[in-house]
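K.L.:
Based on the sequences and whatever the hints tell you, model everything.
Quick mapping for you: the protein sequence lines, in order, are chains A and B.
Numbering-wise, the first sequence is residues 1 to 433 according to our numbering.
Numbering-wise, the second sequence is residues 1 to 433 according to our numbering.
For the record, the hints were derived by calculation from the structure and aren't laboratory data.
Here the structure is a predicted model, which means the values were calculated and not measured.
Check each hint, because a few of them may be wrong.
With a straight-line Cα cutoff of 25 Å, these simulated DSS-like cross-link-like pairs (lysine-lysine) come out [what the hints assert, rightly or not]:
hint	chain 1	residue 1	chain 2	residue 2
1	B	Lys287	A	Lys42
2	A	Lys42	B	Lys21
3	A	Lys17	B	Lys95
4	B	Lys428	A	Lys287
5	B	Lys283	A	Lys428
6	B	Lys118	A	Lys428
7	B	Lys106	A	Lys118
8	A	Lys306	A	Lys275
9	B	Lys17	A	Lys106
10	A	Lys283	A	Lys273
11	B	Lys287	A	Lys428
12	B	Lys42	B	Lys54
13	B	Lys287	A	Lys118
14	A	Lys17	B	Lys106
15	B	Lys21	A	Lys153
16	A	Lys286	B	Lys428
17	B	Lys225	A	Lys21
18	A	Lys95	B	Lys95
19	A	Lys203	B	Lys283
20	A	Lys21	B	Lys17
21	A	Lys402	B	Lys95
22	A	Lys17	B	Lys17
23	A	Lys225	B	Lys42
24	A	Lys225	B	Lys17
25	B	Lys428	A	Lys21
26	A	Lys95	B	Lys106
27	B	Lys17	A	Lys153
28	A	Lys42	B	Lys17
29	A	Lys225	B	Lys287
30	B	Lys54	B	Lys68
31	A	Lys203	B	Lys118
32	B	Lys68	A	Lys428
33	A	Lys95	B	Lys402
34	A	Lys283	B	Lys286
35	A	Lys118	B	Lys118
36	B	Lys153	A	Lys21
Number of protein chains: 2
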Amino acid sequence: MKLQLDIIENPSRESWKDLLKRPSMNSEYLDQAIHDIFFSVKRNGDQALLDFTKSFDGTEISSLRVDKETINNSENYISQHLQDAIRIAAYNIRKFHASQANPIIKQETSPGVICWQKAVPIQRVGLYIPGGSAPLFSTVLMLAIPAQIAGCKEIIICTPPGKDGEVNPAILFAAKTAGVNEVYTIGGGQAIAAMAFGTETIKPVNKIFGPGNQFVTAAKQAVQKIGIAIDMPAGPSELMVMADETANAEFIASDMLSQAEHGPDSQVILLSKDKALAKEVIKAIKKQIQGLPRENIIMQSLESCKVIIMNSDEQLLQLANEYAPEHLIIAMENKDEIAESITNAGSVFLGNYTPESAGDYATGTNHTLPTNGAAKAYSGVNLDSFMKKITFQEASNEGIRKIGHAIELMAEAEQLEAHKKAVSLRLKNSQNV
Amino acid sequence: MKLQLDIIENPSRESWKDLLKRPSMNSEYLDQAIHDIFFSVKRNGDQALLDFTKSFDGTEISSLRVDKETINNSENYISQHLQDAIRIAAYNIRKFHASQANPIIKQETSPGVICWQKAVPIQRVGLYIPGGSAPLFSTVLMLAIPAQIAGCKEIIICTPPGKDGEVNPAILFAAKTAGVNEVYTIGGGQAIAAMAFGTETIKPVNKIFGPGNQFVTAAKQAVQKIGIAIDMPAGPSELMVMADETANAEFIASDMLSQAEHGPDSQVILLSKDKALAKEVIKAIKKQIQGLPRENIIMQSLESCKVIIMNSDEQLLQLANEYAPEHLIIAMENKDEIAESITNAGSVFLGNYTPESAGDYATGTNHTLPTNGAAKAYSGVNLDSFMKKITFQEASNEGIRKIGHAIELMAEAEQLEAHKKAVSLRLKNSQNV
Chain A
1 MKLQLDIIEN PSRESWKDLL KRPSMNSEYL DQAIHDIFFS VKRNGDQALL DFTKSFDGTE
61 ISSLRVDKET INNSENYISQ HLQDAIRIAA YNIRKFHASQ ANPIIKQETS PGVICWQKAV
121 PIQRVGLYIP GGSAPLFSTV LMLAIPAQIA GCKEIIICTP PGKDGEVNPA ILFAAKTAGV
181 NEVYTIGGGQ AIAAMAFGTE TIKPVNKIFG PGNQFVTAAK QAVQKIGIAI DMPAGPSELM
241 VMADETANAE FIASDMLSQA EHGPDSQVIL LSKDKALAKE VIKAIKKQIQ GLPRENIIMQ
301 SLESCKVIIM NSDEQLLQLA NEYAPEHLII AMENKDEIAE SITNAGSVFL GNYTPESAGD
361 YATGTNHTLP TNGAAKAYSG VNLDSFMKKI TFQEASNEGI RKIGHAIELM AEAEQLEAHK
421 KAVSLRLKNS QNV
Chain B
1 MKLQLDIIEN PSRESWKDLL KRPSMNSEYL DQAIHDIFFS VKRNGDQALL DFTKSFDGTE
61 ISSLRVDKET INNSENYISQ HLQDAIRIAA YNIRKFHASQ ANPIIKQETS PGVICWQKAV
121 PIQRVGLYIP GGSAPLFSTV LMLAIPAQIA GCKEIIICTP PGKDGEVNPA ILFAAKTAGV
181 NEVYTIGGGQ AIAAMAFGTE TIKPVNKIFG PGNQFVTAAK QAVQKIGIAI DMPAGPSELM
241 VMADETANAE FIASDMLSQA EHGPDSQVIL LSKDKALAKE VIKAIKKQIQ GLPRENIIMQ
301 SLESCKVIIM NSDEQLLQLA NEYAPEHLII AMENKDEIAE SITNAGSVFL GNYTPESAGD
361 YATGTNHTLP TNGAAKAYSG VNLDSFMKKI TFQEASNEGI RKIGHAIELM AEAEQLEAHK
421 KAVSLRLKNS QNV
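P.N.:
Here is the structure:
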């Protein structure tokens, strides 16, 4: 396979839409499969989970819940170095997410009328962690740590078994590090169904988080219909790099490759005003790709790679905000100024020494981020994702006298007479107090 | 029709699920209708909107967009008193939502590694406002004012025409008050389709807000599949009242009636330890209902009304949190203490002088709230609903040296070699700087 990376210069505004198109996803055909899985899990509970695991994961599991001892002993299977690394990452993730808590501010909107909002943890949350050959234990940290800081009382993990029917010890160790001890050996759409509807063993959750394959994604999409919240819509991972002549071509090439290795549908885009840099980056990609274990995946992914040259920072910014990348590296001299004007992105990496993989693991920011342009309307996972806000209000006697008449008039105009009466009664009474 | 309201005493824990069941909603049959509407709007654009308006709203409209002059002149059709009332409500809503903004906090998670998150307005938001006989102009204020405070650059309103083909002037006046001048005369599922896919006249939006009938609700549910965000799932409105002997039975009856007048599927529940109070409330409901213009709707709604007596505050709280009401009135002597223990609710009204209708219009809190138990995982609309958070991170040379090795180890364990290399390259280079 030969790697072909062309440079696109000053594409016209009209061509942007096509240029920035994501690899298409078609989930229509999954709907029936998900419907069948949901039906079986609702009907047969645990037994359906065991059956699906046998047919989809090709392994038999004896018990759905991982016992405490297995979780506790997981560190015996993890090197001391990796344990330390996980603890460093956990520390940074904890520190950053803890800083996202906001105080309650009571506001007197009108004399005698006090309003406030209070963030309250979601009681029970379900975290889906992909398993298989490369267990994403980092995702355990990214989801379980903020859930814990938020104060969620019950945090559960669902993750598919490996071929041996067991959960990967790195996932269990990350769970233990984050303080989660309710772990279930179940993956795919059936795990989502179990968390949404509940079975004999798995109690239903209020919100489901985490990445997954197309079945998981379609199942998460579907459970929203019955009122289960999800973190965000999912799509293939993506990286945009904005670079100028102060950037290091080798570094950028390595970042683009690290994004590309996620999967054949990952997308990588380089934006620059500097054609010479772009050429250097392409050269460096061709050199660095050699010998990477996932070369095959990377080659497929790079087929949708774009290298785009524009004339001005203004144009680069417009293009970046139009694309709304999940990950955005800004390796430019005026990075701070450029960053100020970014309006659509999941997570932004500034300067030459902040590779995307730093945020994937250990800077402390969350790596569960909006893809596929969802950054135009969605945040990545953060402390708020595990809480909901309740508003409170209290009007005193004086308070209702101040705003009561306005309420009466508006209720009347909306033809809601009983709404009006609820105020009129109080107004009448408040004058006697 | 005779009103039958029984008192349920100390229901067993096992019976709660049935007792707290919401009126069921079945939207399955709507899926085909919504599919057809989406297909037509995608294919025929504006013409499809005009056709649907003719067949669904029974009126012909000459132009989709309401012209500036009509919006400007709307105040000629609104009494001075109502104008003042709307301005008072707008002031309080503005004051409360403005107080929800949070500062950016930069956090050094590890020496040389700085992380922060920044709330950025969603560029273009679409507000759906139900029209017809009772135009919900208050919802215009509730959605457009926080959108404006958030800094959304483009705020559009879609609302169905009345029988005369025109948008109700109260809606236009509220839009003007809130500073919105992009208003379209289009309702139903076709309005949601237009905001999601765009037509010749209506540019697509990033997020759709607002209540609506079953078609609107199903259409909002459906557009999430293509990546358009929505405010929250919608269901019938509901009120729970927690009251003790310090409460005023007449007030509570009026609140329950004001909730019931929303629609036949609205639900109202009274919780108390005090049976005498419960009896008084039922008596007051029977008295107050007489002569209310929506008596018919109220009678239907009250068929699902529950009056429940429990022995302890603890049990009342458990029941309330299990139900997760959209609106919760706490008229109890120890209201502050009770409020502290509320974990699931949309908006809470404290004391005898804070009727639910005060929050519907003018205390300043938002009236777009999670229904149907969604308060377990969803917030009501607030300032954050119109923003998304972008995370930023910057590692210095020192920073990457501190966390780089941990990243390498974790990337290696997740079998993401290119992720590791992106860090290794920097570590190598950083030692030479």
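K.L.:
Between Lys17/A and Lys95/B, is the straight-line Cα distance small enough, at 25 Å or below?
P.N.:
Violated - the C-alpha atoms of Lys95/B and Lys17/A are around 40 Å apart, more than 25 Å.
K.L.:
For the pair supplied as a hint, Lys17/B and Lys106/A, confirm whether the alpha-carbon distance does not exceed 25 Å.
P.N.:
Distance ~35 Å between Lys17/B and Lys106/A Cα, so the pair is violated.
K.L.:
For the pair supplied as a hint, Lys203/A and Lys283/B, is the alpha-carbon distance within the 25 Å limit?
P.N.:
violated (41 Å)
K.L.:
Assess, step by step, whether the Cα of Lys225/B is no farther than 25 Å from the Cα of Lys21/A, and give holds or violated.
P.N.:
holds (17 Å)
K.L.:
Lys225/A and Lys42/B were given as a pair; does the straight-line alpha-carbon distance stay at or below 25 Å?
P.N.:
Cα-Cα ~23 Å, so holds.
K.L.:
Hinted pair, alpha-carbon criterion (25 Å max): Lys428/B, Lys21/A. Please report holds or violated.
P.N.:
violated (36 Å)
K.L.:
Do the alpha carbons of Lys17/B and Lys153/A lie within 25 Å of each other, as the hint requires?
P.N.:
Judged against 25 Å, a Cα distance of about 21 Å means the pair holds.
K.L.:
Is the straight-line distance between the alpha-carbon of Lys42/B and that of Lys54/B 25 Å or less?
P.N.:
holds (18 Å)
K.L.:
Are Lys118/A and Lys118/B close enough, with their CA atoms no more than 25 Å apart?
P.N.:
holds (20 Å)
K.L.:
When you check the alpha-carbon spacing of Lys54/B and Lys68/B, does it fall within 25 Å?
P.N.:
holds (24 Å)
K.L.:
Run the distance test for Lys95/A versus Lys95/B: straight-line Cα separation, threshold 25 Å.
P.N.:
Violated - the C-alpha atoms of Lys95/B and Lys95/A are around 32 Å apart, more than 25 Å.
K.L.:
Can you confirm whether the C-alpha distance between Lys287/B and Lys118/A stays at or below 25 Å?
P.N.:
Violated, at about 37 Å.
The structure is inconsistent with the numbered hints 1, 3, 6, 9, 13, 14, 18, 19, 20, 22, 25, 29, 31, 32, 34, although it conforms to all the rest.
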